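Chains as they are written, first to last, in the UniProt record's numbering: chain P, 1 to 222; chain S, 1 to 222; chain F, 1 to 222.
Incorrect hints may have been included.
Chain F side only, calculated, beta carbon under 10 angstroms to chain P, not exhaustive [to be verified]:
# : residue
1 : A110
2 : V145
3 : L146
4 : I153
5 : H196
6 : I199
These are computed hints drawn from the structure, not numbers from a lab. Bear in mind that the values here come from a model prediction, so they are computed numbers and not experimental data. Yeah, the Cβ is synthetic: ideal placement off N, Cα and C, and Gly gets one too.
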Amino acid sequence: MEMLLLALDLAGTFVFALSGATAGVQNRLDLFGVLVLSFAAGNAGGIARDLLIGATPPAAISNWHYLAVSLLAGTVAFWRPIIIERLRNPVLLFDAAGLGLFAVAGTQKALVFGLNPVMAAPLGMLTGIGGGIARDLLLTEVPTVLRAEVYAIAALAGAAVVVIGSALHLPATAITLSGAVLCFGLRFMAMRWGWHLPIAGDPEQPATPAPKDHKDDNARGL
Amino acid sequence: MEMLLLALDLAGTFVFALSGATAGVQNRLDLFGVLVLSFAAGNAGGIARDLLIGATPPAAISNWHYLAVSLLAGTVAFWRPIIIERLRNPVLLFDAAGLGLFAVAGTQKALVFGLNPVMAAPLGMLTGIGGGIARDLLLTEVPTVLRAEVYAIAALAGAAVVVIGSALHLPATAITLSGAVLCFGLRFMAMRWGWHLPIAGDPEQPATPAPKDHKDDNARGL
Amino acid sequence: MEMLLLALDLAGTFVFALSGATAGVQNRLDLFGVLVLSFAAGNAGGIARDLLIGATPPAAISNWHYLAVSLLAGTVAFWRPIIIERLRNPVLLFDAAGLGLFAVAGTQKALVFGLNPVMAAPLGMLTGIGGGIARDLLLTEVPTVLRAEVYAIAALAGAAVVVIGSALHLPATAITLSGAVLCFGLRFMAMRWGWHLPIAGDPEQPATPAPKDHKDDNARGL
Chain P
1 MEMLLLALDL AGTFVFALSG ATAGVQNRLD LFGVLVLSFA AGNAGGIARD LLIGATPPAA
61 ISNWHYLAVS LLAGTVAFWR PIIIERLRNP VLLFDAAGLG LFAVAGTQKA LVFGLNPVMA
121 APLGMLTGIG GGIARDLLLT EVPTVLRAEV YAIAALAGAA VVVIGSALHL PATAITLSGA
181 VLCFGLRFMA MRWGWHLPIA GDPEQPATPA PKDHKDDNAR GL
Chain S
1 MEMLLLALDL AGTFVFALSG ATAGVQNRLD LFGVLVLSFA AGNAGGIARD LLIGATPPAA
61 ISNWHYLAVS LLAGTVAFWR PIIIERLRNP VLLFDAAGLG LFAVAGTQKA LVFGLNPVMA
121 APLGMLTGIG GGIARDLLLT EVPTVLRAEV YAIAALAGAA VVVIGSALHL PATAITLSGA
181 VLCFGLRFMA MRWGWHLPIA GDPEQPATPA PKDHKDDNAR GL
Chain F
1 MEMLLLALDL AGTFVFALSG ATAGVQNRLD LFGVLVLSFA AGNAGGIARD LLIGATPPAA
61 ISNWHYLAVS LLAGTVAFWR PIIIERLRNP VLLFDAAGLG LFAVAGTQKA LVFGLNPVMA
121 APLGMLTGIG GGIARDLLLT EVPTVLRAEV YAIAALAGAA VVVIGSALHL PATAITLSGA
181 VLCFGLRFMA MRWGWHLPIA GDPEQPATPA PKDHKDDNAR GL
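Next up, chain P with everything else stripped away, as it sits in the complex:
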C-alpha cells in the first residue's frame, strides 16, 4: 500500500512535470530552465502544503525520487517534444488522474498533521493546483487555474470527500479512492463538455456548457 501510494505520487509528479517542461519549451527556455519548470510544476503544490503544515523538509526535498522523476520528464519534453505531442490525449487523462491523486493525498497529509478539517480540503486542493500556479508565475502569466474551467473545483470536491469521510470514520482506502475518482470524473467531464465557472461581469453567461470554447487552458501545452 505504502509502495503503491509512492508510485502513484511519483506518477502524478511525472505528468505535472511534463506540463511544466512543455510550457518551458514553448517559451524557449534553455535546458536548465526547462528542468526548473519541470520540478516546479511537479512539486510546488506539495512543497507549499508541507511548508504550510510545518512538515519540513518537504517530501519533494528530503526524498530524491521526486527530483529524478521531474528531471526525467523535463528531459523527455526537451529532447523529444514530438512524443509529448503524440501523447496529448493520454497525458490529459493522466493530468486529471494526477490532480485527483494529489488532492486526496494532500488532504490526508494535512489531516495527519492535525490541521483543522475545514482547512485540510483547501490544502489538498493546493497540493493539486500549486504546481500549475508556480509554472505559470515563473513564466509571468496569470495562473490559468484562476480563470479557466473546472479544475481547482474538481480537486476541492475530491478533497472534501476525504475530509467528510474521515470525520465519519469511514474506511481510509474507500474514501481515498472515492475522492480521487470524483475529482478525476469531474475533471474529465469538464474537459469533455467544456464546463466553466461564471466570470465576473458576465451575468448572462449560460451556466450550461459554452460549446465553442473547448480549449483546455489548464492543460496548456499538453
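With chain P held as given, fit chains S and F onto it using these hints.
Just chains S and F now, with coordinates in the frame of chain P:
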C-alpha cells in the same frame, strides 16, 4: 481583549480580501480565481510572517475564520461589485486601518517569537503589505507598493513604535494603539496630500506633495 | 574562520543586493521599492533554502546584518547609480564570486541539517540563484537564469564538489574552497566566452561559443 484583537484582525483581513477580489473581478478571473485572490490578498502577509518566524501552521491556515471572512469578501465583490464601488471611500479608510492593525499585530507576534527587534519591524511591515504583493504578483503586475506612495513606510513607522515601546517596557496596549494610529494617520495624510517617496532618476522631483497625482495606486480597485 | 565565513556571506549579499537595486532603479521603482528589491535579490535564495530545510527563522531574518548590508547596497544604487556603472566589471566578478560562495555555503548548511546529499546540491544552487529569481519575479520578468547562459550550472557544479567531497570525508576547508573556485571559474569562463546551454527547438545550435551574443543577461543592470 483577545476577542477584540481577533475581531480587528478579521476586519483587516476582510478589507484586504475586498481589494484582492476587486482586482480579480477587474482582470476577469472566474469565481474561483476571485476567491483565491481574496484569500491571498487578505492572508499572504500573515502567512509569510508566520513561515519566516517558524509559527507553523500559520494562523490563517490553522484557523478557518480567516478563510471564511476572505470568501465572504470575495463573494460580495464578485456578485455585487456595485456595493464596493459605492463604499469606495469607506473602504480606503478601512484599508488604512487594516494596514495599521496588521503592522502592529505582526510586529508583536514577531517579538513574541523571539525575533531580533530590528527585524521585528520589517516583519510587521511585511504582514501589512504582503497581501497586496501576492495579489499583484498573481495578476503578474509589479507590486504597486514598490512604486507608489507612502504605504509601506506608514506600516514600518507603526511597527517601529511597537519595537521601541517594547524595548522601553512601555504598556503594551498603549504602544499598540499608538503604532496603529501613527500608521493610519500617515497613510491617511499620504492619501489626502498625495505624498510620494523619491523615484530613482528624478533628482529634481520635489520632496513636497505632487498635487496632480492623487491617484491611489495601492488601493487599486477600491 | 566563523568570522571569515560571515564576512564572505555578507559580501555576497551586498553584491547580489546591488543587482536587485540596479534592476529596481531601471524599472523606476521608488526608494522603498529599490530597497525591497535589494533585500530580495540579496537574501531570497538563502531564505528559501532555510525554509525548505526547516531552519526557521532564516538567517537573513534572525540576523540584522543581512538587512543592513542590503539596505546599504540599495541606498548606494539609488543615490549614486553612476558608481555602479563605473564598477560594472568588478561587480560582475564579485557576482561570480558571490555565486560560488552562496552555492557552497548553502550546500554545507543543507548537509548539516541532514538533507539527502543528492538534494543538498540543488539546495546549494538555489541559495545562489534564488535571489535573482525573486528579483525578476517581483519585476514580472521571466527569471533570466531560466534562459541564459551558464549560471545555475556553475553553482550546481560547485555544490556538487561539496557533496562529493563531504561523502568522501575530505577536509571541509579544501572542498569548500574547491567548490567555490570551480563555480567562480566556470562562471567567469562562461562570461568570457559567451557559453550557453542548448535551447529547445534549436537542434543545430552549436555547442561551442556563440561569439556575437556576449550580453550578460544574468548580471542584468550590473
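Now the hints, each set against the structure:
1. A110: holds (9 angstroms)
2. V145: holds (8 angstroms)
3. L146: holds (3 angstroms)
4. I153: Holds: closest Cβ of chain P sits about 6 angstroms from I153/F, inside 10 angstroms.
5. H196: At about 7 angstroms, which falls below the 10 angstroms cut-off, the nearest Cβ of chain P leaves the hint on H196/F intact, so it holds.
6. I199: Where the cut-off is 10 angstroms and the nearest Cβ of chain P is about 5 angstroms from I199/F, the hint holds.
Hint compliance for this structure: no hint is broken.
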